[in-house]
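K.L.:
Each chain sits in its own coordinate frame; assemble them with the hints.
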Amino acid sequence: MQQEVAHFPHLAIFSLNEQVVTVEFGNAISDSCMQEVGRLHRLLHQTPFPGFLDTVPAYATLSVFFDPAAVIASGELKGNNSFERVASFVRKLHSSGQQPATAETTVVNMPICYGGKYGPDLEELAQLHQLSPDELVRLHCNATYRVAMIGFVPGFAYLAGMDVALETPRKQVPRQVVPAGSVGIAGRQTGIYPLETPGGWQLVGRTPLGMFNAAKPQPSLLKMGDTIRFQPISSLEFEKIYADKDH
Amino acid sequence: MRIKIINPGILSTIQDQGRFGYLSQAVPVSGAMDKLAAQVANAAVGNNAGDAVIEFTYAGASFTAETDVLIAYSGSGGTFICNNRLVPAGRPVFIPAGRSVQLMNDPSCRRIFLAITGGWKVPPVLGSRSTYLPAALGGYQGRRLKAGDILESEGECTEISRKILRRFSGTRLNYPGWHIARQQFVNGRANRIRVIASREYDWFKESSLRTFLSKPYVIGLRSNRMGYFLDGPVLEKLQPGELLSTAVTPGTIQVSNDGTPVLLMADCQTTGGYPRIAAVASIDLSFCGQLYPGDTIYFTLISRREAEILYLERQKSLDQLRASVEYKFS
Numbered sequence: 001m002q003q004e005v006a007h008f009p010h011l012a013i014f015s016l017n018e019q020v021v022t023v024e025f026g027n028a029i030s031d032s033c034m035q036e037v038g039r040l041h042r043l044l045h046q047t048p049f050p051g052f053l054d055t056v057p058a059y060a061t062l063s064v065f066f067d068p069a070a071v072i073a074s075g076e077l078k079g080n081n082s083f084e085r086v087a088s089f090v091r092k093l094h095s096s097g098q099q100p101a102t103a104e105t106t107v108v109n110m111p112i113c114y115g116g117k118y119g120p121d122l123e124e125l126a127q128l129h130q131l132s133p134d135e136l137v138r139l140h141c142n143a144t145y146r147v148a149m150i151g152f153v154p155g156f157a158y159l160a161g162m163d164v165a166l167e168t169p170r171k172q173v174p175r176q177v178v179p180a181g182s183v184g185i186a187g188r189q190t191g192i193y194p195l196e197t198p199g200g201w202q203l204v205g206r207t208p209l210g211m212f213n214a215a216k217p218q219p220s221l222l223k224m225g226d227t228i229r230f231q232p233i234s235s236l237e238f239e240k241i242y243a244d245k246d247h
Numbered sequence: 001m002r003i004k005i006i007n008p009g010i011l012s013t014i015q016d017q018g019r020f021g022y023l024s025q026a027v028p029v030s031g032a033m034d035k036l037a038a039q040v041a042n043a044a045v046g047n048n049a050g051d052a053v054i055e056f057t058y059a060g061a062s063f064t065a066e067t068d069v070l071i072a073y074s075g076s077g078g079t080f081i082c083n084n085r086l087v088p089a090g091r092p093v094f095i096p097a098g099r100s101v102q103l104m105n106d107p108s109c110r111r112i113f114l115a116i117t118g119g120w121k122v123p124p125v126l127g128s129r130s131t132y133l134p135a136a137l138g139g140y141q142g143r144r145l146k147a148g149d150i151l152e153s154e155g156e157c158t159e160i161s162r163k164i165l166r167r168f169s170g171t172r173l174n175y176p177g178w179h180i181a182r183q184q185f186v187n188g189r190a191n192r193i194r195v196i197a198s199r200e201y202d203w204f205k206e207s208s209l210r211t212f213l214s215k216p217y218v219i220g221l222r223s224n225r226m227g228y229f230l231d232g233p234v235l236e237k238l239q240p241g242e243l244l245s246t247a248v249t250p251g252t253i254q255v256s257n258d259g260t261p262v263l264l265m266a267d268c269q270t271t272g273g274y275p276r277i278a279a280v281a282s283i284d285l286s287f288c289g290q291l292y293p294g295d296t297i298y299f300t301l302i303s304r305r306e307a308e309i310l311y312l313e314r315q316k317s318l319d320q321l322r323a324s325v326e327y328k329f330s
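In the order they appear, the protein sequences are chains Z and S.
Reading the first sequence from the start, the letters are residues 1 to 247 in the UniProt record's numbering.
Reading the second sequence from the start, the letters are residues 1 to 330 in the UniProt record's numbering.
This is chain S alone, in the form it adopts within the complex (with noise of 0.2 Å):
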């Protein structure tokens, strides 16, 4: 299966479930900004959750299927076209070749997940498919999608999405009347992000954490995969203390000089100096992967216990998802 980009929107870039083995060596974990969307849209053709797939920012991107295609996506706000016809997102669609795809414009699309059955064909870098563009690390060409490209799928894929195929092949336009909904996986509370006390929660004054777990707080203009400049009341330290540089990871929250929390995201260092007050529960981290500059969160303290078991629970849905798309097809 192959498509062609026409239009690779603001920014467009091949990713998986992220990167572990070169940590060490500062190779950042990277991957989908929202994994949960690029499992969703995996599970939908029968992919594995952690194949690659396309992660298209805002509206206006589109492609053509040079061969029939069986896609999925799945995200946030945004709808795909074609030939005027809505593509439903979280159900396998297949797309007759010859066909454009395009990503509605539509100002509440965020980040949207593209798979295709197999998941798109890049060389695996370091153990994974991610791109990651500082280093010009994985991915397609290590650099973001442009106009003209070609993405192939890879040539094997699993039973079940062979199975996928063989039902909804054709010459027409056609999906199933299932869908699997992002939101299912979601059970927090909209712009309630829940987060575990980090190291350095206790070098902050009582005011700042009261204020740091009321007040809302609103995504800065300084934002992009690496992380969030977070605008709102500042937070004070007890005394002045300076970290040595030690982990961070996706979820952490650093507090700059200036006292200003820094929400960090898919993209960010393996080390940072300032002193982390907080980390995002696995469990709301890919709905903060679907904000975008000037959108309002509040934040809400949990137990890491608690942390672990809604990252369980949700990784046992998702098992059971996957069981429940092969079993429509047995």
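Excised from the complex, chain Z in its bound form (with noise of 0.2 Å):
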């Protein structure tokens, strides 16, 4: 059975079932596609059409949310069906050359206490790729990251930038309790686990930040475009900037 897709200049329109449709930038990793993803995502939270609800921005698509029942009740949008009002709408807002009101990125740096307890395979990837630990945390913390998405649980930051030389696949038998903060490694990308949750990655590190507060009203400590630095920090620091912290 034919898909409905609306194809137009640098983007694919699909839907996800009939109350989401995803836009499509793309179907790889690029800074191109994530700017293009976070300005769409922005711009429809600050203008928003009826019926709309949300929206999940991931590496290259950005899925927009809404309520068929609003969208076809609305006497603002064209089109005979919800997918073909919200997709013309969309269409337009990302045409329209708009740019969002505020970047709202924010540069974040996290200390990050690296190895022993808090990165128990930090050893055994410093083997894996030759290097000495310290090479290796040398490599992990010089880098400038960029949050590319957040998901698998609230708050979770998948993070683009980091050196391909650390490149590991996942452990081949997830473990079932990954304490919250650990930072963890997974073919290109690294990652810090916001909530004790079972988990695969490659677990090189701990920040005591929280990353994740229900109570705050931006729960997630690190949003998409973010700019991450890594500054690794003793587990003394770590120990009090964690006892510090409100839990």
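Please keep in mind that the hints were generated in silico from the structure rather than gathered at the bench.
It is possible that part of the hints are untrue.
[Unchecked claim] Distance windows between CB atoms, simulated: (1) Z:Lys216 to S:Lys316: 37 to 45 Å; (2) S:Pro216 to Z:Gln98: 48 to 56 Å; (3) S:Gln141 to Z:Gln176: 58 to 66 Å.
[What the hints assert, rightly or not] Listing some non-contacts, in silico: residues in chain S with all C-beta distances to chain Z over 10 Å: (4) Phe185; (5) Trp203; (6) Asn224; (7) Asp231.
For each residue, glycine too, the CB sits at the ideal point set by N, CA and C.
P.N.:
Encoded structure:
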């Protein structure tokens, strides 16, 4: 059966189900895709259409959630069905050249305690890549990262920008419990576990910062597009910052 | 109004129609597994569709009315009893203070949704009262209900709720002769789940697509509020290919690397990296919320437009339902 797909210059719009359309900017990780996703994401939240519910930004796609009944009831949107109406609104917004009011992205310096009980896979990874543990830490914290997307569990940031020399597959057997704040490597990405969950990423360190707090207006510490720098800290410093944070 | 949980059963949580506004921070939609049943229960006591309900999983749960209460429930298979008297589903039921109410031991009991006048009183977290257990978010202190928990209703309620309460208040168990059957809003054929082709539908071999749309799939043991692993013939891709992580939503059917389809449910992640073969049409998602391990289902392909029309028709009949409850008490 043919899917409904609306093709426009540089972007395809398709339906995920009857209440979600996905705008596709490409099919690879690139800075330009991430910027386009971020721009449309912010524009939609600033100028939503009737029936708009939310968006899921990912590496190269932005998915737009809506209530079809409200979209159909609106006299403002043009089209025979909710897909046409939302797709046409999104296309116009995209091609308007409009920029979101603020860039909103921030630079976050994150303290990380590498190795030991905080990064139980560090030694093994260093051996695998024929590096000393110190060299591995240097490679990992000298890079500047960008939050490519938030997914998996609330506040989990996928960071792009890791040195390719550190590329490592996931663990064969995932851990049942990964402590909150753990920094892991999977493939070419590095990421931070906001909550204690099971997980298969190779753990190199841990941050004492709280990554997700539902009591805050912006619950996730990191958001898509943010720039991240890691700062190595000692276990003493880790325990001090950890003890001071409001749980 | 106030109740005390005596026995929470296997899993009982506070849920509503779901959480939107924080998907970009990977906070899942959550909400009732059977959003239709939650709406029917709310409509029966004159509540708004989005008011909080208790979701009971399987039989065995019980509670005591600590004050006079007006409740309604809907779902699949379960029946409440109070002092050996049947508490009928799909209608407002007045229960005087002090009575105990229990979800009768019945193997056909699936998920049952209990509404109270005004909705259950828990603080909204990130715009919703739904519980998301993995992050201890929302609902009753972010957790499942335990024996001894005291649950109250919101102080405010609708005009229609007040009228229903006035009509049935008294010293005995009391309810009207009419009822709302959840079944009247389910127009499909039992166990035939209507799906829409998803983005990676054509990543699969023609033979695998035929298999997917004709062979039975059984809800696996690894099933919970996040999703169901489906036991049945494996599905093969035309060529190996990796999907860049992208959005998924309740109803999305992903195919894992070993070819097993996984049907994502209320608490699913916001993004996933497995190819999405299809998405359950909203009209049949509530039916899926009532499945449990061992149940057999089949998939049937419909177009996105058909799914939209079915969704709009259901929304219209739910609006009419609320109007007709109002009419009974005007």
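K.L.:
Now tell me, hint by hint, if it's right for this structure.
P.N.:
Here's how the hints hold up against the structure:
At roughly 39 Å, the beta-carbon separation of Lys216 of chain Z and Lys316 of chain S lies within the given 37 to 45 Å, and the hint holds. Against the hinted window of 48 to 56 Å, the Cβ-Cβ separation of Pro216 of chain S and Gln98 of chain Z comes to about 50 Å, which satisfies the hint. The hinted range of 58 to 66 Å is not satisfied by Gln141 of chain S and Gln176 of chain Z, whose Cβ atoms lie roughly 25 Å apart. With a cut of 10 Å on Cβ distances, Phe185 of chain S stays outside the contact zone with chain Z, its closest approach being about 15 Å.
In this structure Trp203 of chain S is separated from chain Z by more than 10 Å, as the shortest Cβ-Cβ distance comes to about 12 Å. Its beta-carbon lying about 13 Å from the closest one in chain Z, Asn224 of chain S satisfies the requirement of being farther than 10 Å from that chain. With a closest Cβ-Cβ approach of about 22 Å to chain Z, Asp231 of chain S is found to remain outside the 10 Å limit, as its non-interface label requires.
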